[in-house]
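J.: Sequence:
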Amino acid sequence: MKIRNKWMLAALTAAAISALSITAYAAGPMTPNKYTAEPIHEVEFYGSPSSSIASGVSVPQDMAYLWTSGTVPPVLNRDGKTIHERYGDTKTQAVGILKRIETDLKAKGLTMKDVVYLRVYLVADPEKEGKVDYDGWFEAYGEYFNTEANPTKTARSTLAVAGLVNSDWLIEIEAVAAYPKKR
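Take 429 as the starting number for the sequence shown in my numbering and just add one per residue.
A hint or two may mislead.
Think about it this way: if two alpha-carbon atoms lie no more than 30 Å apart in a straight line, the pair counts; the simulated DSS-like pairs of lysine-lysine are [said to hold, decoys possible]:
hint : residue 1 : residue 2
1    : Lys-527   : Lys-541
2    : Lys-509   : Lys-527
3    : Lys-536   : Lys-609
4    : Lys-556   : Lys-509
5    : Lys-527   : Lys-610
6    : Lys-519   : Lys-509
7    : Lys-527   : Lys-556
8    : Lys-559   : Lys-509
9    : Lys-609   : Lys-534
The calculated label-pair distances, taken between Cβ atoms and stated as ranges, are [said to hold, decoys possible]:
hint : residue 1 : residue 2 : range
10   : Pro-467   : Arg-506   : 47 to 55 Å
11   : Trp-495   : Lys-559   : 28 to 36 Å
12   : Glu-513   : Lys-609   : 43 to 51 Å
13   : Thr-531   : His-469   : 25 to 33 Å
14   : Gly-475   : Arg-528   : 22 to 30 Å
15   : Lys-609   : Thr-531   : 18 to 26 Å
16   : Glu-513   : Asp-490   : 16 to 24 Å
Hint data in this document are derived by calculation from the structure and do not stem from the laboratory. Yeah, the Cβ is synthetic: ideal placement off N, Cα and C, and Gly gets one too.
Sequences are here, hints too, so could you generate the full structure?
T.: Structure (structure tokens):
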């Protein structure tokens, strides 16, 4: 009977911690790092000035979001004999994806400056000794973000995964953008 009570107490404690975490996360945009009690009125990016990405982003609660599905690279040459000939290396694929995202955003009244978060999936490149080409992705990111033309530094997660739907794809990107407020 005592063991059952301990398990019940552990389960209730875990549930309480989860509820508290969800509540704290949900309250995040209303209590960002810069302000302790005042609501925010525009998107705010946080993090080190020397980092190419933001450590976090706060978005006012009355702004709308656009969430893209995973975007994949365009075909360069269907008849290519290798992954790099068909789709390119990681950097080439990433640039192709970012161009697609940029076009999609433009069609919806947004720009790359409105992107607040990227989730990136990378797979090992068999033509690079079976290693994940993080640098190729970072270089492509650097062409679109944290530049003079677009100083936005998104929050970002970069994950190495075992595979994607098409074995020729070395990268897939999901983007989240926040619609700017009408002035």
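J.: Take the hints in turn and mark each one as holding or not.
T.: Cross-check of the supplied hints:
no.: 1; hint: Lys-527 to Lys-541; result: 14 Å, holds
no.: 2; hint: Lys-509 to Lys-527; result: 24 Å, holds
no.: 3; hint: Lys-536 to Lys-609; result: 14 Å, holds
no.: 4; hint: Lys-556 to Lys-509; result: 16 Å, holds
no.: 5; hint: Lys-527 to Lys-610; result: 26 Å, holds
no.: 6; hint: Lys-519 to Lys-509; result: 19 Å, holds
no.: 7; hint: Lys-527 to Lys-556; result: 24 Å, holds
no.: 8; hint: Lys-559 to Lys-509; result: 20 Å, holds
no.: 9; hint: Lys-609 to Lys-534; result: 16 Å, holds
no.: 10; hint: Pro-467 to Arg-506: 47 to 55 Å; result: 51 Å, holds
no.: 11; hint: Trp-495 to Lys-559: 28 to 36 Å; result: 30 Å, holds
no.: 12; hint: Glu-513 to Lys-609: 43 to 51 Å; result: 45 Å, holds
no.: 13; hint: Thr-531 to His-469: 25 to 33 Å; result: 29 Å, holds
no.: 14; hint: Gly-475 to Arg-528: 22 to 30 Å; result: 26 Å, holds
no.: 15; hint: Lys-609 to Thr-531: 18 to 26 Å; result: 24 Å, holds
no.: 16; hint: Glu-513 to Asp-490: 16 to 24 Å; result: 48 Å, violated
In summary, the structure is inconsistent with hint 16 from the numbered list given earlier, while agreeing with all the others.
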